[in-house]
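Enquirer: Listed below, chain by chain, are the residues.
There are 2 protein chains.
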Amino acid sequence: MTSPAIRAERLQQRLEAFAHIGATPAGGVNRQALSPEDREARRLLAELAQARGFQVFQDAIANLFIRRSGRDDSLPPLLIGSHLDSQPTGGRFDGALGTLSAFEVLEALEDAKLETSGPIEVVAWTNEEGSRFAPGVMGSMAFAGAADPAQWQSLAGSDGASFSDELAATLAALPEAALRPLGTPLSGYIELHIEQGPSLEKEGLAIGVVTGVQGTRWLKVTVTGEAGHAGTTPLPYRRDPMVAAVGMMHQLQASVMPSDADARLTVGRIATIPGSVNAIPKAVTFSLDLRHPSAIRLDAIEGEVRAICRAEGEKQGCSVEISMAFDMPPGVFAPGMIDTIEAAAGRLSLPSKKMVSGAFHDALFLARVAPTAMIFVPCRDGISHNEAEYVEPASIRDGARLLLEATVAVAYGAAMTSGGERP
Amino acid sequence: MTSPAIRAERLQQRLEAFAHIGATPAGGVNRQALSPEDREARRLLAELAQARGFQVFQDAIANLFIRRSGRDDSLPPLLIGSHLDSQPTGGRFDGALGTLSAFEVLEALEDAKLETSGPIEVVAWTNEEGSRFAPGVMGSMAFAGAADPAQWQSLAGSDGASFSDELAATLAALPEAALRPLGTPLSGYIELHIEQGPSLEKEGLAIGVVTGVQGTRWLKVTVTGEAGHAGTTPLPYRRDPMVAAVGMMHQLQASVMPSDADARLTVGRIATIPGSVNAIPKAVTFSLDLRHPSAIRLDAIEGEVRAICRAEGEKQGCSVEISMAFDMPPGVFAPGMIDTIEAAAGRLSLPSKKMVSGAFHDALFLARVAPTAMIFVPCRDGISHNEAEYVEPASIRDGARLLLEATVAVAYGAAMTSGGERP
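Those sequence lines, one after another, are chains E and B. Here full-length UniProt numbering is used: position 400 in the first sequence is 400, and no number is missing along the way. Here full-length UniProt numbering is used: position 204 in the second sequence is 204, and no number is missing along the way.
Bound conformation, chain E alone:
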């Protein structure tokens, strides 16, 4: 038995192979959830698994599991993985990197004939992106018992497809995957993913040790004033909702993020009614995307938004309505898992920092049912959800090595590298 080691060129080849499934001319992938491309990717992974003697399972929402047995398969598995579905014009690494790196870990363990006490499983969660069928993180949400899949029975996709039909077709396409119940006990969950942000690259770090997922709140602000003629209405007679909205956004942009490095406030969408060049608008609506890893701070930011909007509305004689369009509480990962990963990165001499994830991940829901952590690797310019998404081969290697080191450390409660006990 040898020390298990990642074979970087094998992982690189796997990434290439999967990048062909749903490939777009611009070098990305269109491999949306429960599509023929998704089914093709699942088939390929299942066949690679069976070639190594791993067992393949799926549950009722088509989450795909690949098991490498341990001494005692009745023990709850350690689960590693991510998702395989993509955005319509997605990159080849978002989800695929984590899933295929996890499979490479299984292969490395198998190459080294390392025996573990319980099973190690790779997972490809169904419909993480939510672009074809909303909502996203669907498979992990259902696994964690946070949603009942029955509610999605009549769901139609962005392309008009029937969710039920596509789910049935996806399950049927992999008859060799034995069916298992939805939601099974785990000993832990580790997910590797690209950062989808610019900070690791800009700070020259190899690894992000992710401590949790920010809470997210989407607000819709509607400011109503009085429509009027842009030419004939002098200033004292105006109740201009655009002036009020600008006042609101200006204050919020100047105060929220500058005073708190963990906060995010973004105006992504705005519209005026009637929207004529020569009309003082009757109303303005704009969106606010608020994020913070602390639920208390998120509440405080929302309170600040409401107070500022009310005040600026009053200044212009406008009324303000704020509705909540989306609310996802922060998720906190397990301190023990975080420490294990950080220590593993140290042993591999990979410069790292602790950080919060700005984007949702399946790990957010897994954290509710098992000790969970995530590993980030840098992606070029932080670009994701974009066909130009790119990860350096060195980062691919670093991430997979750390995932293997961390998997073994969690499986054994001991370090693999530098003098740790071998089982």
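Careful, some of the hints might be misleading.
Pairs involving identical chains hold if they fit within one copy or between any two copies, as the list cannot separate such chains.
Below, a list of computed lysine to any residue pairs in the SDA-like style, where the Cα atoms sit at most 20 Å apart [unchecked claim]:
| # | residue 1 | residue 2 |
| --- | --- | --- |
| 1 | Lys282 | Arg380 |
| 2 | Lys353 | Leu235 |
| 3 | Lys220 | Arg306 |
| 4 | Lys315 | Ser255 |
| 5 | Lys220 | Pro274 |
| 6 | Lys220 | Ile273 |
| 7 | Lys315 | His250 |
| 8 | Lys220 | Val277 |
| 9 | Lys202 | Pro234 |
| 10 | Lys315 | Ala254 |
| 11 | Lys220 | Ala271 |
| 12 | Lys315 | Gly145 |
| 13 | Lys113 | Asp73 |
| 14 | Lys282 | Ala271 |
| 15 | Lys202 | Pro351 |
| 16 | Lys202 | Asp262 |
| 17 | Lys220 | Gly275 |
| 18 | Lys315 | Glu226 |
| 19 | Lys220 | Glu321 |
| 20 | Lys113 | Ala295 |
No wet-lab data here; the hints were simulated from the structure.
Guided by the hints, dock chain B onto chain E, whose structure is given.
Expert: Below, chain B alone, put in the same frame as chain E:
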């Protein structure tokens, strides 16, 4: 021969009759240019004219003229009138008040058998609104030689209709209107119109003596930054065009109108790309409607806009592009005509003020070819381009009386009321 006098109830009835043509359920009119409703209104006016023995003419762009002969019809006529076409959900007074008040003036002169040296003509200009076929003030623009109608030959309407076909149909529908050349000499032009703004009503004045039309400039500002994920991108790594745009609008809203009571600056339309709630925009575009009666000040305001936009763009690392979408220089009316109208208002004990028009009118182009002035009357809450548009009967009466007094004063160079010479 008696002193000519407006018959207010007759004018009120005419307004009612025309309000039925293209009437909307909400009490307004949909009588767009060169439509069947427009043709019906022209027919009705032509018949009323012929019933009084007035002659009816039209030119190649379907401007409609009604002549009451003077002693010498070779003299250039004094022209009074406005337009009959409306917005899709327009009010019953915008344009119709001025045209029908002018016709009431002709009827009052005819009732009194008052002989004038040259002819007095009423005009209904084609397509003032520009809502169906752009641009607006089309008939007066062509009359004044400011545009060649040939350029509109292939024009299609907002409803897909062919401008050429509709123009031909409109001309053909009034065979009794003799054709005259496009653009004929005038001795003067007076237009009565609703203010379409709130100031006369709020200041308790009966009449606005209009000294000119503001210059108008429409700019399109495009701010380009860097798209990004709203959750993962920290503030130092953002080049957010929405922040830049808000900075621009905030400064402009705070400085331009507050420092100059004659200036108007309005943001009527704004959009983000891609326009997702969770995306820092790649770009933001917004419109600026700028107005000022002074061309020099309009240039200075545009300069201020460009400087502020450039500076705010730089602060956020964004590029800025500003294009001119529309540019109408200010129009100045004839001092002699203005004085005549002001004096006439005084003789009728109508409280008035001099003021600039915030909206375009046919008078803007007439001012290029003849001594021109306008009379404003208040409309309720300043509302126009709206089915709720309303003018008090007292204001209708005041406007028509003043139009008659001013017409006679211009035609004779003398006052009609209070001891002026009778011809």
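Enquirer: Compare the structure with each hint and give your call.
Expert: Outcome of the hint check:
no., hint, in the structure
1, Lys282 - Arg380, "between (43 Å within a copy, 18 Å between copies)"
2, Lys353 - Leu235, "between (53 Å within a copy, 18 Å between copies)"
3, Lys220 - Arg306, "within (11 Å within a copy, 31 Å between copies)"
4, Lys315 - Ser255, "both (19 Å within a copy, 16 Å between copies)"
5, Lys220 - Pro274, "both (18 Å within a copy, 17 Å between copies)"
6, Lys220 - Ile273, "both (15 Å within a copy, 18 Å between copies)"
7, Lys315 - His250, "both (14 Å within a copy, 14 Å between copies)"
8, Lys220 - Val277, "between (23 Å within a copy, 9 Å between copies)"
9, Lys202 - Pro234, "between (50 Å within a copy, 12 Å between copies)"
10, Lys315 - Ala254, "both (18 Å within a copy, 13 Å between copies)"
11, Lys220 - Ala271, "both (11 Å within a copy, 16 Å between copies)"
12, Lys315 - Gly145, "neither (47 Å within a copy, 47 Å between copies)"
13, Lys113 - Asp73, "within (16 Å within a copy, 113 Å between copies)"
14, Lys282 - Ala271, "both (11 Å within a copy, 16 Å between copies)"
15, Lys202 - Pro351, "within (13 Å within a copy, 70 Å between copies)"
16, Lys202 - Asp262, "within (17 Å within a copy, 50 Å between copies)"
17, Lys220 - Gly275, "both (18 Å within a copy, 13 Å between copies)"
18, Lys315 - Glu226, "within (14 Å within a copy, 32 Å between copies)"
19, Lys220 - Glu321, "within (8 Å within a copy, 29 Å between copies)"
20, Lys113 - Ala295, "neither (45 Å within a copy, 85 Å between copies)"
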